[in-house]
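Student: As you go down the protein sequences, you meet chains A and B in turn. Residue numbering for the first sequence follows my numbering, starting at 1 and increasing by one per position. Residue numbering for the second sequence follows my numbering, starting at 1 and increasing by one per position.
Don't read these hints as lab results, they were simulated from the structure. Hints may contain errors.
[Stated by the list, open to error] Taking beta-carbon pairs under 8 Å as the criterion, some of the chain A residues facing chain B (in silico):
1) Q33
2) G41
3) Q42
4) L43
5) N45
6) Y73
7) F86
8) K96
9) V97
10) F99
11) G100
12) P101
13) G102
Virtual Cβ for every residue (Gly too), placed ideally from N, Cα, C.
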Amino acid sequence: GIQVEQSPPDLILQEGANSTLRCNFSDSVNNLQWFHQNPWGQLINLFYIPSGTKQNGRLSATTVATERYSLLYISSSQTTDSGVYFCAVGETSYDKVIFGPGTSLSVIP
Amino acid sequence: NAGVTQTPKFRVLKTGQSMTLLCAQDMNHEYMYWYRQDPGMGLRLIHYSVGEGTTAKGEVPDGYNVSRLKKQNFLLGLESAAPSQTSVYFCASSFLAASTRTDTQYFGPGTRLTVL
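Isolated chain B, as found in the complex (with noise of 0.2 Å):
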């Protein structure tokens, strides 16, 4: 098993550009999430999901946007790219509900983003 993968690992924007971060389980786990990691604030919830189909928003979701067309996947779009979105991106699934069941989440590798 692959287990959770990121796709891609660095990417640089310029302001105002759009990308779509991929993450891909293999695991058949009902939750994902998306998370982003900036120095000194430890992790925050963007958006999650909790079945195919599914998105609901997090901490911080404001310009961000996500789909859950399949269970396997879950897509992280940025549509116009700020510098205040440069940050490590990571990606996170579980099983069970993280916050109401006995189970854990799986983290990917994270990507790197930095807009200019």
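Looking at chain A on its own, in the form it has when it is part of the complex (with noise of 0.2 Å):
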């Protein structure tokens, strides 16, 4: 099946601070998604983006497709910031989604 890498697995930012997260992909997907979980184990999807540039206030991401990545930027770090970035992709033939691993982003003050 499709494996999905993320990185760096942790990150620990100072308040105001920029980052970029970053999903690698082995397969042709469909469905690209990242999803943040906040301390509390909530999952609040953030984009859907199976390719090109999306942005959503001091969040955005692109998705290259051809060279299977996709990159989630955080511009501004605020402490509210802090949890696990998941990537999550739908393989191609299945109506599954399969997740990574996560990035662990801890933002102090």
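Using the hints, put the two chains back together into the complex; each one sits in its own frame.
Tutor: Written as structure tokens, this is what we have:
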């Protein structure tokens, strides 16, 4: 099956700093989503982005499907950005979504 | 709308006991999913359903059964719980197939299960 890797596994930022999270996947995908899991465990969908670039406030994401990677940008980070960021991809032939291992982000004041 | 809800939020079982987790959604979504989340491993798909009356296996289906008798409900059963099933269980739903169409998954708050 498809393999999903995320980097870095852990990241500590000073409040106000910018960061880039990366997601690599091993095969063609029909779907790519970025999720944020907050410290209380709640999973929130950030972007549906199988290709191209999207922006939502301080967050933006870019997927280059032909090169099998996606990037999540966080600008002017805030303590509320802390949590785990997951990339999830949908396999072309199946109705399944595969999650990466996540990037754990801690933003310190 | 309540979105996706899960019952119960917490549960402690002894090895060999059985239980059923309930997922309910009020968004008229066709697709529903059960995941488990273990430390350092992200979310792994247990079973999923593409519509009322249908179910299919995910990545880690062993030891679990599911049923989708009503469109809005997706049940996850553990017939004989084992300590390896200690985990946080998440349910999700989407209007269209999350892997093939332009739609996103909506997640419930999770159920924390401990098997002693």
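Student: Next step is simple, just say for each hint if it's right about the structure.
Tutor: Right, here's what the structure says about each hint:
1. The interface hint given for A/Q33 holds, since its Cβ lies 6 Å from the closest Cβ of chain B, which is under the 8 Å cut-off.
2. Checking A/G41 against chain B by beta carbon gives a least distance of about 5 Å; that is within 8 Å, so the hint holds.
3. Taking 8 Å as the C-beta contact cut-off toward chain B, the hint placing A/Q42 at the interface holds, the least distance being around 6 Å.
4. Given hint, A/L43 at the interface with chain B, holds; its Cβ is 4 Å from that chain's nearest Cβ, closer than 8 Å.
5. A hinted interface residue such as A/N45 counts as satisfied when its beta carbon comes closer than 8 Å to some beta carbon of chain B; here the least separation is about 5 Å, so the hint holds.
6. Interface hint status for A/Y73: violated, as the beta-carbon distance to the closest one in chain B is roughly 19 Å, over 8 Å.
7. Hint on A/F86 holds. Least Cβ distance to chain B is approximately 6 Å, under the 8 Å limit.
8. Hint status for A/K96: holds, given a least beta-carbon distance of 6 Å to chain B, under 8 Å.
9. Taking 8 Å as the C-beta cut-off, the interface hint given for A/V97 holds, the closest approach to chain B being about 5 Å.
10. Annotation: interface hint on A/F99 holds; nearest CB of chain B at approximately 4 Å, less than 8 Å.
11. Look at A/G100: its Cβ gets to within about 6 Å of chain B, closer than 8 Å, so that hint holds up.
12. A cut of 8 Å between beta carbons decides the hint on A/P101: the least distance to chain B is about 5 Å, and the hint holds.
13. For A/G102, the interface hint holds, the least distance from its beta-carbon to any beta-carbon of chain B being 5 Å, beneath 8 Å.
The structure is inconsistent with hint 6 alone, although it conforms to all the rest.
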